[in-house]
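Full structure from sequences and hints, please.
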Amino acid sequence: MNSLKQFLELYDQHFGTIEAHAPAVLNKLRQQARQALENAVLPRKGAEDYEATDLNAVFSLDYGLNISRLDFDIDPAEAFHCDVPNMSTCMYYTYNDVFHRSKTARQIEGGVVVESLAEAAVNHPELLEQYYGQLASLNDPTVALNTLLAQDGILVYVPAGVTAEKTIQLVNILNYTRPMMVVRRILIVLGENAHARMLVCDHTQSSGVECLASQVVEVFAGENATFDYYDLEESGQLTHRVSSIYVRQQAGSNVLVDGITLTNGFTRNDYLVTVDGEHAETQLLGMTIASGTQHVDTHTFIDHRAPRCHSNEMFKYVLSENAVGAFAGKILVQPDCPRVEAYQGNRNIVAADTAKMYTKPQLEIYTDDVKCSHGTTIGQLDDEALFYMRTRGISLDEARNLLMQAFMSDVIDAVRLDTLRDRLRYLVEKRFNGTLTNCGNCSACSGAPLTPPQK
Amino acid sequence: MLVIKDLHASVEGKEILKGVNLTVRPGEVHAIMGPNGSGKSTLSSVLTGHPAFTVTGGAVEFYGKDLLALSPEDRAHEGLFLSFQYPVEIPGVSMVNFMRAAVNEKRKYHGQEPLSASDFLKLMREKRAIVQLDNKLASRAVNEGFSGGEKKRNEIFQMAMLEPRLSILDETDSGLDIDALRIVASGVNQLKSKDNATIVITHYQRLLDYIKPDFVHILYKGRIVMSAGPELALELEEKGYDWIKEIHNS
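Quick mapping for you: the protein sequence lines, in order, are chains U and X.
The numbering of the first sequence is my numbering, which starts it at 1 and goes up by one.
The numbering of the second sequence is my numbering, which starts it at 1001 and goes up by one.
In case anyone wonders, no lab produced these hints; they're calculated from the structure.
You may find that some hints are simply not true.
Cβ-Cβ distance ranges computed for the label pairs, FRET-style [as the list claims (entries may be wrong)]:
{"hint": "1", "chain 1": "U", "residue 1": "Thr-376", "chain 2": "X", "residue 2": "Glu-1235", "range": "50 to 60 Å"}
{"hint": "2", "chain 1": "X", "residue 1": "Glu-1012", "chain 2": "U", "residue 2": "Thr-354", "range": "22 to 32 Å"}
{"hint": "3", "chain 1": "X", "residue 1": "Ala-1228", "chain 2": "U", "residue 2": "Leu-396", "range": "37 to 47 Å"}
{"hint": "4", "chain 1": "X", "residue 1": "Tyr-1204", "chain 2": "U", "residue 2": "Thr-354", "range": "26 to 36 Å"}
{"hint": "5", "chain 1": "X", "residue 1": "Pro-1114", "chain 2": "U", "residue 2": "Thr-377", "range": "45 to 55 Å"}
{"hint": "6", "chain 1": "X", "residue 1": "Lys-1221", "chain 2": "U", "residue 2": "Tyr-358", "range": "44 to 54 Å"}
Quick look at which bits of chain X chain U covers, simulated, 3 or more residues with Cβ under 8 Å [stated by the list, open to error]:
{"hint": "7", "segment": "1048 to 1057"}
{"hint": "8", "segment": "1068 to 1078"}
{"hint": "9", "segment": "1105 to 1115"}
Quick reminder that beta carbons are idealized off the backbone N, C-alpha and C, glycines included.
Below you can see the structure in the form of structure tokens.
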């Protein structure tokens, strides 16, 4: 089965419409993407790094696309209150895949730019020319497909020497009445010595309708830049997400990428980090809590191309019921990269016999003088700790919740944004005790509470 | 309050308890002594409901209720407490959250409202003083990185917080130096009242110098083979366990 075919047919029939509603710089890459897809097939389930994940099943559904770029008559800021409380952020939204900004976001400081790619094509064409599509690899058919169909997206630009004091928050909302695919594209450029933090939240408001979110994120971190990217997914059971985040770090830069999935349907997250300059630091973190039929697959690749860099990677999963988790992580240290320190960890709790975890750590090292390690564990909750807590009168369910929260505490503690860290602790507690509805703090979402993960 | 009748229990198919009989009344302190492997810790595990142990016969009544039919947490709510020989470390769970969950679940069981945050912290402060437990330890993860003595003090602190009707102290003296032993014993004695009772499981007379038992029982090969007053502990200290073994095996 080649589920890409329906998209190629759609493109071939409608490329005029697609191009007419997109900036030229996006159109420029379309032909290359089309060629890359000519004979491409999606990796079959069981292929390397796709041990548990059937992309063909995800892409084979008959999704509609909004190629005429019809806007939805809605103000997401009005319809949606899903912010992290007490956090002063500049709020932006994509409603389906159309960009909106909140009133407060118009006063963003110090030359920081957050705008749609259509706006950027007018205001900052040189940035798009220089950076758009330069990291994303068309060899990955899902990325090529995104490039083929992307018509808009978001540019975040922090000029050299500028610190964005307020966190940039982007809320992605899906709300459809029939199966639709959204094509999201985020381009982030930090100049030398620029500093910023970004929180991206995924939500699904519709229920009973399958959606596919295709997402490609490119992050360019200049020399000595610091950047935090928190990606919090609280989507719905019928939401499929295929996301690739590419990062390129220059010397002395410090980048944290944190992928959190609390609720979802199907998710494939690829993280591809290229460390290109000396003394760069990378934190790559992830946390997944999955129950029901949730499926969360993470693939990471950290490519150390410069000496004296430090990367730390940790992904944690708690799976129950029929949830499926997968992790395939690779660290590559290129030749002539002495003094690189790279650590990878993947720790998992499989809390039910019916849940499944697939994990594959990988190190590939071509320099002698480095410190690298990887560690993977799959286990259950500690029976002796559970019994100890029960003898103190703590119920089995509550004891399990406390242990599962404790298991996640180090990845929560690694969050460098105080308000988000507190909020996450709260959301994770609610997620484990079964009182998290579709969103943590969202009046617009409806839906029954999710079942607690431990049963 | 506690009536154990002909209790048999096994672990992994091996019978450890072979007919234990014991009655404990409010206000009493019972010491259970015996050589290694006689079933002392098994008895405490079975009474608190450790899932690894299977009761194969007999009955245990606690204030008229069938104790063995209750879950470990409900046994705690009914007023049973075990001070562990080896307290478990629980990384990532703070003492505060742990104790709050324990105290409030007990209150819920008895139809009481949860304690307010300030009342709870006040209670923590009060009870910490009983065993001179440092505030720093109370804010750390449960038993994580605690020394042997701190762990045992923490057990008695939890006992003070939960105010059990019957406490079982399983080898609470093991691994304690003499100062820590005094603090722990003094904590236990402060918590003693005419309404609660204590079962002290120990190898040695030493602890019983501080926590005075009313009765001393010798558990051997899964049965209580001798019961007497506190003088029995002194006799054991002098003679060791061999004479018990000889009497019993002959």
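Hint check:
no.: 1; hint: U:Thr-376 / X:Glu-1235: 50 to 60 Å; verdict: 57 Å, holds
no.: 2; hint: X:Glu-1012 / U:Thr-354: 22 to 32 Å; verdict: 27 Å, holds
no.: 3; hint: X:Ala-1228 / U:Leu-396: 37 to 47 Å; verdict: 40 Å, holds
no.: 4; hint: X:Tyr-1204 / U:Thr-354: 26 to 36 Å; verdict: 49 Å, violated
no.: 5; hint: X:Pro-1114 / U:Thr-377: 45 to 55 Å; verdict: 35 Å, violated
no.: 6; hint: X:Lys-1221 / U:Tyr-358: 44 to 54 Å; verdict: 50 Å, holds
no.: 7; hint: 1048 to 1057; verdict: holds (count 4)
no.: 8; hint: 1068 to 1078; verdict: holds (count 6)
no.: 9; hint: 1105 to 1115; verdict: holds (count 3)
When the structure is compared with the earlier hints, violations turn up for hints 4, 5 and for no others.
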